[in-house]
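Put chains B and C on the given structure of chain A with help from the hints.
Protein chains in written order, with the working numbering: chain A, 456 to 917; chain B, 9 to 445; chain C, 152 to 429.
The hints are simulated quantities; they were obtained by calculation from the structure and are not laboratory data. Heads up, none of these hints are tricks.
BS3-like cross-link-like pairs, simulated, lysine-lysine; straight-line CA separation at most 27 Å:
| hint | chain 1 | residue 1 | chain 2 | residue 2 |
| --- | --- | --- | --- | --- |
| 1 | B | K34 | A | K815 |
| 2 | A | K720 | C | K253 |
| 3 | B | K258 | A | K910 |
| 4 | B | K38 | A | K815 |
| 5 | B | K31 | C | K287 |
| 6 | A | K910 | C | K270 |
| 7 | C | K253 | C | K206 |
| 8 | B | K38 | A | K726 |
| 9 | C | K276 | A | K910 |
| 10 | A | K720 | B | K439 |
| 11 | C | K287 | B | K34 |
| 12 | C | K253 | B | K38 |
| 13 | C | K194 | A | K720 |
| 14 | B | K31 | C | K276 |
| 15 | B | K40 | A | K815 |
| 16 | B | K29 | C | K253 |
| 17 | B | K323 | A | K910 |
| 18 | C | K270 | A | K815 |
| 19 | A | K726 | B | K40 |
| 20 | C | K276 | B | K34 |
| 21 | A | K726 | B | K439 |
| 22 | C | K206 | B | K29 |
| 23 | C | K287 | A | K815 |
| 24 | C | K253 | B | K34 |
| 25 | B | K440 | A | K726 |
| 26 | A | K720 | B | K38 |
| 27 | C | K287 | B | K40 |
| 28 | B | K323 | A | K726 |
| 29 | B | K340 | A | K478 |
| 30 | B | K40 | C | K276 |
| 31 | A | K815 | C | K276 |
| 32 | B | K40 | A | K720 |
| 33 | C | K253 | B | K31 |
| 34 | C | K276 | B | K38 |
| 35 | C | K287 | B | K38 |
| 36 | B | K31 | A | K815 |
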Amino acid sequence: MTSSSLLLLLILIAAISYFFGRKRSEVVAQSVGGVRYLHSLPNYYGLMAAVWAGIPGFVVLSLWVMFESTVIQGIVASSFPDSLKALSESQTNLLWSEINNLRSGVITNASDPALLTAAEQLTALEDRSSILKTILTLGLAGLTGAIGWKLIRPAQKARNQFEAFFRILLMLSSLIAIFTTVGIVFSVLFESVRFFREVPFFDFIFGTKWSPQIAVTADVPGSSGAFGAVPLFVGTLLIAFIALLIAVPIGLMSAVYLVEYASSKVRNVVKPLLEVLAGIPTVVYGFFAALTMAPQLKNFFEGIGVNGVSSESALAAGLVMGIMIIPFVSSLADDVISAVPNSLRDGSYGLGATRSETIKQVVFPAALPGIVGGILLAASRAIGETMIVVMAAGLAANLTANPLEAVTTVTVQIATLLVGDQEFDSAKTLSAFALGLMLFFTTLMLNVVALAVVKRFREQYD
Amino acid sequence: MTDQNMNAIERLATVKEERMKAKLGKRYAKEKRFRAYGVASIVIGLCFLAMLLGTIFTAGWSTFYATEIRLTVTYDADAIGVSDLNDESQLMFADWGALVKNAMKERFPYVSGRSDRRAMYSLVSSVAEYDLKDRLEANPELLGTTEEVWLMADDEIDALMKGQVDMSVPENERRISDLQNSLVESLIESGELKKSFNTTFFTNGDSREPEQAGIRGAMLGSFFTLLVTLALSFPIGVAAAIYLEEFAPKNRLTEIIEVNINNLAAVPSIVFGLLGLAVFINVFHLPRSAPVVGGLVLTLMTLPTIIISSRSAIKAVPPSIREAALGLGASKVQMVMHHVLPLAMPGMLTGTIIGMAQALGETAPLLMIGMVAFIADIPSGPLDSATVLPVQIFLWSDLPERAFVAKTSGAIMVLLGFLAAMNLLAVYLRKKFETRW
Amino acid sequence: MTTLAKDSMEAVFEGWTSTVGKPTMDSDVRMSTRNVDVHYGDKQAIYGVDLDIGKNEVLAMIGPSGCGKSTFLRTLNRMNDTIDICRITGDIILDGDNIYDKHMDVVNLRARVGMVFQKPNPFPKSIYDNVAYGPKIHGLVTRRAELDEVVETALRKASIWDEVKDRLDQPATGLSGGQQQRLCIARTIAVSPEVILMDEPCSALDPIATARIEELIAELSENYTIAIVTHSMQQAARVSHRTAYFHLGRLIEVGKTDKIFTAPEHKLTEDYITGRFG
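Looking at chain A on its own, in the form it has when it is part of the complex:
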């Protein structure tokens, strides 16, 4: 039986258990003088019965589904002849795709007879697994369902039990945040470690030449030099810097105007309009950058006599990214500036300061931690942004600080290295995870610092 139909069946079993559990609680209540002498309402007895019948089966089923293919592959692989076991990982991957093709009938002639056996073994194992899964899940559901049924007595604290179960469910949901972080850390760390076994860490961090495509095709000595990530870091920072150069002044001044000068009417219209910019998907910005901004910038610079402007210039990507971040900066700055207590403004106005003097000399210093935090968050955003740079910045890993040349970024490389089919052992693919590790930790540091700074700022004026 397929897993999804098993799941539906489990739900059905749980629903039936609920119904009968409820009924049974009413029946057993007769012996003690009626439903009002039960510990809990019949509803809760039904719910507990459903939990007993459904949950253990569900847990087993999900574990089975998660690990089924890994275990089966392991078993099949362990029965490979030694000649196949000795193969490298990429060759093994090829073997697996050949086995799968044999099974689906795409090819009929195997390069090695052992593969045919393996394909048959795989099919047999999967069939057995499917049967076992069905028996185990349904058997367990029946068994625990029976236990749940037996447990129904007037004295059973069904409500308390169900609520305890409910609380555990809630807690597990909140733990997903931790699991996600752990998952991210492990998935990037694990593959990165494999990458650093092939390419020394310092060559990666300090190398100035990046050409992963060449490194794969040519098994020439010294190809490890092609994994120097410095050009990517520089490109990332260059584009992020341009973006912040646009977004910070515009975002900040917009926020200042909206908080300090604008009437509530203007504010109510302009603020949502600016926030529309934040709601536009990044792929749209990418399209705009590649199709409109880049050619126009090229034309503009050629018009004023600057030649050699790349059509995938860092400037175009940075500029558009800056536009994207404007509402981000302005809404953070808006919150922070609004949080500066009015008593400070009054103090300054009371001394005869103008609005701009008050803003520059009293409000800004007071809001500074919050603004810095906001800028750090914006920087983290700019560094991690992918689509705009993928579409507008290109792949050329030039080590340059000239915004009119093409540069590439960490995110662009991750995206291009991992799009399409890839083998999971080549340094080329693994390097994407190493870059992901760098990206994750950089943005994590920025976020932690920024959130701490903003939190401290908020506490100061609460």
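For chains B and C alone, coordinates are given in the frame of chain A:
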């Protein structure tokens, strides 16, 4: 009193008026300038918005219209080479293109010569013949008869009709020859060329031919992906928010969870893609390119948004309601389920809709898990290979044909339309259920 | 307020078009207001107040909460300008100039009429920069030495110099509440104002800090005109020369402080100072 006997402030009083006056003009000029910077910033921001939307709307508008050519088609059995429409072997080798070619030859008998003929044939979309095939298979009695049909024009002709072709450049530098232009003009004159609403765009999947490419596949892919995301992230997010607000003890673990949620909200989306690739695809061997994996990744991505907004919705429920429920003897779970949750629900829904809108616009993590392949089929479930709207936009934006620029812009307009609708719904919900306690 | 209560209040005001006691002074007037009305949107907060404030005088304004005394104080240096919906009519004359005249510059005005607020509000800067802020923005000093001197004098006058002279470069937010309030007074003095408005300057302070501020007010009255809003009748009695009693936006009575507190002429004033309401 002499100067020496005065203290500094008394001395100040004597020069105050004069010195202030000297500086006042400058100060007001500065004030004006500062204010102007503010106005300028807002104007620049809004200009960017207008420019962005303006470019996309002007480029994308034409996508919603398509050019069609009216031809008098004779379903000639000999020309197709099919005498029996039920004979599979005949259908395999049928020449459907001949129908279009014959009709064109009949319409323009004066066009002769191989290359001129070819130019003439290419007025009609290369896929138009399949429309005729479908029509004939659906109505076998048409075989041997003649009728007028509207067929889709080639994308170059479509572009010409939309005024996107500059006819003033030398003939060999443009993609429409003078002959083609004259044919089109004669078609226009006789009313055999029309613009109509482009239903193909909404009913077809992806295609290599611009005039045949549609967004139905991507829209359904987005739909299934969001369905999975919603089904997972809403219950989990709400449950997590309830736990953190109502049940969590104030301890280290809770603190770690909270810090984690806040940080995850700011982790770059592409990192979630790496997670999806490494965990869902490589460890759990879930199918690549499937909306279910996309949905899982987007769930992890949108959870922080939903948890954060759900928590503030729960926080906004006044303690008096909780006390009232507890005071009547409700258990804590009953209090939450019967009183707090219903009151916080509008706020939670608003947050969820905003989270879903984010997920709908997300591209980068989906590239990682293989939703970026060329998929012409329309997905029929969350396990089929599919792509989503933003990824479709990304794919089209890379294609060289000019017509795809319009298609991309058109797809963006559809995407923005969905996003606007979702956000307006969120605003409406917030306004409608806004309660001031 | 219920309609009934409001009606009875209106009845109390019936016929009271002028103030009990003398709102005006014959000589040495620094500021005077004539027929001042203040509206917040549709709501009227101040009704036709006529009041004079003399040179080197401490005038206390008392009254129950919400009587408009703070609002009135804020009109005296146009602090209400920052509130959009606030509308002010009538004349307020400072040394012969109408401060609501369109030629009157609000920056200039506030440099002449300084203000100290309810809650100490030092800027998030060093102690020195807090005091130097006013002279700097107005361009009152030309040399650093001159500024140093002004800061020191202001701090001395606010009798806080001895406590902070060794840590002028430290943030002002590190001072205690009473010190912060004296710093704010020093900050106001540093621009050499003619009038200092104080809006319940001691309400956020402990009794000892309050006593020091009260001493300070007495010292400052030698050189400055001070208008102080206070919630505490004892404070008004201790620091002021004259006292004005406000009730529901109207000036009820004004006169020598000892007279107001011993022999008020109006029933409302008497009720208030005897503690029947407030």
